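Asker: The primary structure of each chain is shown beneath.
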Amino acid sequence: MLSAAMRYAILLAIAVYFILLVVLLKQKRLTLRYTLLWLFCGAVLLLLSLFPQLLGLVTSLLGFQVESNALFAILFFFVLLILMSLTSIISKQNEAIKRLTQHAALLEKRLRDLEAK
Amino acid sequence: MKTLIIIPAYNEQDNILNTLADIRMNCPDMDYVVINDCSRDDTERLLRENGERFVSLPCNLGIGGGVQTGYKYAREHGYDIAIQFDGDGQHEAKYLHDLVAPIASGRADIAIGSRFIRKEGFQSTGLRRAGIGFLSRLIRLICGVRVLDVTSGMRAVNRRFIEQYAREYAQDYPEPEAIVAAALKGARIEEVPVQMRERQGGSSSINPLRSVYYMIKVSLALILARFTS
Chain G
287 MLSAAMRYAI LLAIAVYFIL LVVLLKQKRL TLRYTLLWLF CGAVLLLLSL
337 FPQLLGLVTS LLGFQVESNA LFAILFFFVL LILMSLTSII SKQNEAIKRL
387 TQHAALLEKR LRDLEAK
Chain X
1008 MKTLIIIPAY NEQDNILNTL ADIRMNCPDM DYVVINDCSR DDTERLLREN
1058 GERFVSLPCN LGIGGGVQTG YKYAREHGYD IAIQFDGDGQ HEAKYLHDLV
1108 APIASGRADI AIGSRFIRKE GFQSTGLRRA GIGFLSRLIR LICGVRVLDV
1158 TSGMRAVNRR FIEQYAREYA QDYPEPEAIV AAALKGARIE EVPVQMRERQ
1208 GGSSSINPLR SVYYMIKVSL ALILARFTS
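Taken in order, these protein sequences are the chains called G and X.
Quick note on the working numbering: the first sequence kicks off at 287 and runs consecutively.
Quick note on the working numbering: the second sequence kicks off at 1008 and runs consecutively.
One chain only, chain X, in its complex shape (with noise of 0.2 Å):
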């Protein structure tokens, strides 16, 4: 099966090669495409001198509209698979296989790889996972679906689901709007166990302040999801 990997990158000058070797090494037989979120860093000489696979975005759009950008590329050039996969170092390229698995079987539409089922690995802080349970309750009530790990960026899908968010997809914070919106079209969701680490450089989109918009976001665009269905 033609196989995609999806990096979104938005200044990862620190993790992006690193991210790649670990991708070239435990996942060969897999292709790969970084999107280049229009970093203001050193992220797109490194892809560039490097000769790796990237999409350079000329405007920020913002992790939704970079992953949608992946998608789309993958629609483009007829991918079976579609994988996620952050660019910052918290993904490990050894659990794509088993990510994949459920969607190659046929089993699935969505593979999610999910910290939450072995609780292995790095799992976030304490507020963080309160605030994953509750979006994770809540996307349960609206449709019925459940998944541990909502905001989890590590994802398979397949066709079909391939060519519906080339379409549309969730603009920011768009993980758990992305499932939702998934499920809503009926989509059989799996979720496969794997470790994450704690990001390796750099910093994080996420700040205290941002997480109460976060939480409030989310909790909002997933039940507007509900109804506008």
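For reference, chain G alone in the conformation it holds in the complex (with noise of 0.2 Å):
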């Protein structure tokens, strides 16, 4: 079981978590489409810490001998999930950028030849 003192801190680091994506998400620093993930991972946090037995079962399940060894593979998990998705969120904003570069160079050389006619 993970100690009491663990579980408090993780609480607390969840609820700090929390206050700073709702934060967030109030000042619309953050889209709620792109938020959905982080959402999703502080839930699972959540009920991890709230219900100690579930994290119990999933470290016996996965084979794991200590429990906040389970943790932080779940949590790094979530934090691959992110990455991943960020990169996912570059590349098509990536290709955004790049298809509003040509169009605009495109219409300025179009602007260029009617003040020139």
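Be aware that one or more of the hints could be misleading.
Stated by the list, open to error - The following label-pair restraints were derived from C-beta to C-beta distances:
1. X:Asp1087 - G:Leu386: 45 to 55 Å
2. X:Arg1233 - G:Arg396: 30 to 40 Å
3. G:Leu400 - X:Gly1085: 16 to 26 Å
4. G:Pro338 - X:Arg1217: 32 to 42 Å
5. X:Asp1038 - G:Leu325: 53 to 63 Å
6. G:Leu348 - X:Arg1147: 44 to 54 Å
7. G:Gln351 - X:Thr1235: 37 to 47 Å
8. X:Thr1132 - G:Leu348: 48 to 58 Å
9. G:Arg293 - X:Arg1217: 43 to 53 Å
10. X:Leu1191 - G:Lys312: 32 to 42 Å
11. X:Arg1147 - G:Ser346: 48 to 58 Å
12. X:Leu1191 - G:Ala291: 55 to 65 Å
By construction, these hints were calculated from the structure, which means they are not laboratory data.
Given the structure is predicted, the values throughout are model-derived calculations rather than measurements.
Yeah, the Cβ is synthetic: ideal placement off N, Cα and C, and Gly gets one too.
With the hints in hand, could you dock these two chains into one complex?
Answerer: Below, the structure is given as structure tokens:
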């Protein structure tokens, strides 16, 4: 079992995490569609720390020796997921920026042609 | 046939005007447009002052994004044939009529100017040739097309592939990838013997450290292209 101190620490961290998330959302510095993964990770963490039996179950199912290791592994997996989604978002934006750049350049050329007439 | 020469240029103040003069002299029947990929030198000023036809990208997109802009321009203006032609002085305009011949006659969809058919002119360094040979074999394995000079930036394509490339074109180091993408779409690809020169001025975008990255990146991209098409 996780020690009580560790559980409280995790609960506190999750509280800070959610407050930050809500504040950023309220200030519109996060778009909701990119926040879903963050919300989901927070929810899973919250569940695990509220119900330590759950973490115990996961630990024995996955064959970890110590619960904190299972927790780290789960956390790390989520971090990877979030990183991958970030890369995907960057790629999409990269494509959008490329299109806009090309479009702007072609329009500027057309404008120059029109002005020359 | 309405033919457009696309000349991607990034920091080519030393070469660009010579390149254009060469084209005007040898291919007066073709139009050309320079794609200035956000050069930081005087390329744009030179083009403007000489009244050249150019498109100027507001952000640097790299060779792939630049060339694709040219294809979009060709599509927008209804060209039948588009030619890619380097602005750094490596390519010579006197070969362009040979290059478009297979396309004008309808025999091929894409023609690639190749240094390695007659093995004349600047042949590049041994190591680089080995790399090109490897990519050439890889492309043959992936899509069954035999191209020797897979990194050649001197190409001509017909209407169908102007539209294809305007829609989709690989980003960095796009030449080999563009061959595979087209071959997987059923392009008839032909190589035309040409000679190339060593670049005349400025500096090449490829250095030794980047070559390793280049080979890995391009090989991966080619294999992925096979699986994602």
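Asker: Next step is simple, just say for each hint if it's right about the structure.
Answerer: Evaluated hints:
1. Under the hint 45 to 55 Å, the C-beta atoms of X:Asp1087 and G:Leu386, about 28 Å apart, miss the expected range.
2. The hint said 30 to 40 Å for the Cβ distance between X:Arg1233 and G:Arg396, and at roughly 38 Å that hint holds.
3. In this structure the supplied range 16 to 26 Å holds for G:Leu400 paired with X:Gly1085, their Cβ-Cβ distance being about 18 Å.
4. Remark: the range hint 32 to 42 Å for G:Pro338 to X:Arg1217 is contradicted by a beta-carbon distance near 52 Å.
5. Checked against the hint of 53 to 63 Å, the pair X:Asp1038 and G:Leu325 passes, with Cβ atoms roughly 54 Å apart.
6. For the pair G:Leu348 and X:Arg1147, the beta carbons lie near 46 Å from each other, so the given range of 44 to 54 Å is met.
7. In this structure the hint that G:Gln351 and X:Thr1235 lie 37 to 47 Å apart at CB holds, the actual value being about 41 Å.
8. At about 53 Å, the CB distance of X:Thr1132 to G:Leu348 agrees with the hint of 48 to 58 Å.
9. Range check, G:Arg293 to X:Arg1217: Cβ separation about 51 Å, and the 43 to 53 Å hint holds.
10. Remark: the range hint 32 to 42 Å for X:Leu1191 to G:Lys312 is contradicted by a beta-carbon distance near 48 Å.
11. The hint said 48 to 58 Å for the Cβ distance between X:Arg1147 and G:Ser346, and at roughly 53 Å that hint holds.
12. Look at X:Leu1191 against G:Ala291: about 59 Å separates their beta carbons, and that is inside 55 to 65 Å.
When held up to the earlier numbered hints, the structure conflicts with 1, 4, 10 and fits the remainder.
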